[in-house]
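Take the sequences, apply the hints, and build the full model.
Respectively, the protein sequence lines represent chains A and B.
Those letters in the first sequence? Residues 1079 to 1614, by our numbering.
Those letters in the second sequence? Residues 228 to 755, by our numbering.
Wrong hints could be hidden among the right ones.
[Said to hold, decoys possible] Computed cross-link-like contacts, DSS-like style, restricted to lysine-lysine with a CA-CA straight-line distance of at most 30 Å: (1) A:LYS1306 - B:LYS314; (2) A:LYS1339 - B:LYS488; (3) A:LYS1333 - B:LYS499; (4) A:LYS1588 - A:LYS1609; (5) B:LYS497 - A:LYS1347; (6) B:LYS656 - A:LYS1292; (7) B:LYS461 - B:LYS488; (8) A:LYS1116 - A:LYS1473; (9) B:LYS488 - A:LYS1292; (10) B:LYS455 - B:LYS488; (11) A:LYS1288 - B:LYS499; (12) B:LYS314 - A:LYS1315.
I should point out that these hints are in silico values taken from the structure, not numbers from a laboratory.
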Amino acid sequence: MSLAFDEYGRPFIIIREQERKSRVKGIEAVKASIMAAKSVARTLRSSLGPKGMDKMLQSPDGDVTITNDGATILEMMEVENQIGKLMVELSKSQDHEIGDGTTGVVVLAGALLDHAEALLDMGMHPLRIAEGYEMACKVATENLDKIKTRFDFSKEDIEPLVKVCMTTLSSKVVGRLKRPMAEICVKAVLAVADLERRDVNLDLIKVEGKVGGKMEDTRLVEGIVIDKEFSHPQMPKQLKDVKVAILTCPFEPPKPKTKHKVDIDTVEKFEALRDAEKAYFTDMVQRCKDSGAELVICQWGFDDEANHLLMHQNLPAVRWVGGVEIELLAMATGARIVPRFQELTADKLGFAGSVKEVGFGTTKDRMLVIEGCPNLKAVTIFVRGGNRMVLDEIKRSLHDAICVARNLVRDNAIVYGGGAAEVSCGLAVEEAADKVTGVEHYAMRAFADALSAVPLALAENSGLPPIESLTAIKKRQLEESNPYLGIDCNDTGTNDMREQGVFETVLGKKQQLFLATQVCKMILKIDDVIKPSEFD
Amino acid sequence: MAMSQQSGILHQGATEERGENARMASFVGAVAVADLVKSTLGPKGMDKILQSMSRGQEVTITNDGATILKSIYVDNPAAKVLVDISKVQDDEVGDGTTSVVVFAGELLREAEQLVNAKVHPMTIIAGYREACDCARGVLETGAFSHAPDTEAFRQDLLNIAKTTLSSKILTSDKEYFANLAVDAILRLKGSANLEAIHIIKKTGGTLHESFLDEGFILDKKIGVGQPKRIENAKILVANTPMDTDKIKIYGARVRVDSMAKVAEIEAAEKEKMREKVRSIISHGINCFINRQLIYNLPEEMFADAGIMAIEHADFDGIERLALVLGGEIVSTFDDPEAVRLGTCKLIEEIMIGEDRLIHFSGVALGEACTIVLRGASSHILDEAERSLHDALCVLKETVSDSRVVYGGGWPEIRMARAVEELASKTPGKKALAMEAFARALRALPATICDNAGLDSADIVATLKAAHGADPASRMGVDVVRGEAGDMQELGIFESFRVRQQVLLSGTEASEIILRVDDIIKCAPRQRG
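Pasting the structure below:
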């Protein structure tokens, strides 16, 4: 009891407002957690696969997002339940690690928990179930290694990569244009990829968008697009072969960090200060000019006077450029970022082949396109779309496709999609289960069943009879021992995923299995949930 | 409506709607918005009164789809998608803002029926996409261009302007305003910079008294005691403080120990200002236009020097002025030789109604012009400006892409026919979606008829038959006579770009709404 008495016999409370705290214990707690996790998974289930549906999410401020990207849905739906938050984290970590398969991992975890519930009803200890899952997961990942195939591509032959990206994009809103979009993504990734080290720095690919126009107008800019315009309306709108200076200091008189006062008590001082101020501006602009720069890109603002001086000196300038863009620009143009005017020298300048300001539609929006940089290691995908929601969704889709291409560059092992890998793993786990005695046997069987949740959901979303399609594939995989058979979502008439060209990376698939198993284990281990009373 | 609230998963106050419910909610919302603007479509469309929620309760009267949708407060997420596309249509091509919403609404209305008939939304989308591609092809083949022939092209432009204006308040004077708009656009010589066209609204008079001025009119006053009329003006366009030139060095302040010193510093400040004015005058100018205020002291000095000084020309004004006069915007005055001055033949003060404005004529950049709108009330003027803006945007698009199509529902009927043909060759359920697409296309001319109080079924059927009999038919809705008519003879033309954008955006929006099967609304943020 949480009530005690002190030495004077007065009662005092150890846990405040005991009765208003909710507390669930033992098997009830596990079941409550499973319930919560399942309901999150259920929301995502219908978004899986090429025929998956979108979700419309309205934020607290009334903004609308339409997406079928699992990680985005979960992030935006503001899950409050703690277990639900675990699922959100799960999807996020898949997103950070792999960038694709964020829906699949949640669906899989939901299915695993679903089956665990049945086992709990049989009276099994949650931890034994978790152990069984762990064993099964190991078998499944080993099986993935067995069925994986190498996938060859080179800088010249991008066709295979394009195909993989097309698989990813087919489930998104850009499905209509998956071919050109996939090409854009692959080209972008290959442009920045370091094939020697097998690494891709995704920071070098920027996805910029502007509402309006057609999706078809989306293009790859071999350079950088920044959402800014020249600081003075009368500066030239187009520059060719310019030397670029990148500054992170404002065109203003210096502002020392130390608090200080400049006291003016005589007319002479007043005059001197005036002249000093004027000198600052001319000096700054002169330094830029002297270094040989032909374009100044500044992270901060300029004063009107400085602005005019720049324009007067024929020195086009861009102000208020964000930190990320500054870094990208520095990388692309080969310029050094200069923090002080004194340090600006000719060898710190970068080079750009063409800089131009482009306008859109009837509004006054303008953007700067910087191309022809010596270091082609930074590219921008410039997206157009009918409205803001489409645009955001295209950006998310392209991000997924880029991630897939990157994963292939990192590790070119693949397995076949459309649920083929899951079915094959399920069969392998079932076979292994037969060799295990004890409670784990059941757990492993449950794992195998849970794996079929992905192909089931795929078939269901594609409007196929789920049970029939799944069992048919299972049977054929067993008979032909052919791990390439999956659900025919696009109604092309063949179940062979090799012919359809539906791949997924082994890396992503393994990560899905690991993460889902881990989360299950974690949820199964919880046996007491104490929630404080709500704040009023 | 049944709201399935998941207990404890989402925040309190959040709702989630799934499957059928979600779909129904988005259909209902989208169709409601489309129906809202539907009655404004076409030459006989009606206007809406919008009363703002803010304190002034300002009233706007308009039939511009984008303006209506921008002003209404929508809570339904699907409806927001439609509001958004209408806004984008406005930004992108400037006209067709109502058509695109009505079209998307019709597509969704048709889709709802198909969903009820157990067609999967993805199948509908696939059908719509193919139909849209087909329709676009037809639209492209149906478009024609007269760009090489200046006379014919001007006629095209006039017709387009008239068609656009006919659905607006300017319809009674459409001939007049179409000429006005075309003249203004042709002055731009294809530079497509609408900023060079300046629209000034002055209440009083009638719409018919509106005029196009070849020079530039600035709605500002000339300083006291300065010349009111300057010939062969040399103009300095500046953006500089003309009150007291503050010291920008951080932390500077005046600290003195006697009144005398204050006076000295004040005198120094004044001297500074004088110097500045002198250096401005030394540019050899006779007109000075500043973006910021000009205080009495410099104003007096300018007056003494016989220079016209105009203060407080706002930012847009100054940019436009610099563009028009061909000068540069100046902020420092130490190097008079290198500064490019603006020039014009004549600056004078003119009267429009009660107001005095400054008129620049014979400007360097022949592209610029000003349209002065006159009208009985500010509401009429606002609506007239919106209408004129639409017309200018469409004309601008047409100048950059000279292809035109007939109006009056001609492209829709033609596209619908091609889509139906495609449907008859397509196996499977997709064909149903294509037929629905064709019906949605036909709903546009039908709405135009309905709004004009005509028998839409009869006219659309006649048009359908006419196009069926002769693929090259030019028949469309003739609202004035209330029957099918030859669009070429009636001179009803529309810009190809606008029509294409309506088709693409409408399909895209309906697709994105169709794909939704779950609506999650987060709990609204508590506002203090």
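Consistency of the hints with the structure:
1. A:LYS1306 - B:LYS314: holds, 22 Å
2. A:LYS1339 - B:LYS488: It holds: about 19 Å lies between the C-alpha atoms, which stays within 30 Å.
3. A:LYS1333 - B:LYS499: With a Cα-Cα distance of about 24 Å, the restraint between LYS1333 (chain A) and LYS499 (chain B) holds, given a limit of 30 Å.
4. A:LYS1588 - A:LYS1609: violated, 34 Å
5. B:LYS497 - A:LYS1347: holds, 15 Å
6. B:LYS656 - A:LYS1292: holds, 27 Å
7. B:LYS461 - B:LYS488: Outside the cut-off at roughly 40 Å; violated.
8. A:LYS1116 - A:LYS1473: holds, 29 Å
9. B:LYS488 - A:LYS1292: violated, 67 Å
10. B:LYS455 - B:LYS488: This hinted pair is violated, its Cα atoms lying about 40 Å apart.
11. A:LYS1288 - B:LYS499: Judged against 30 Å, a Cα distance of about 47 Å means the pair is violated.
12. B:LYS314 - A:LYS1315: holds, 27 Å
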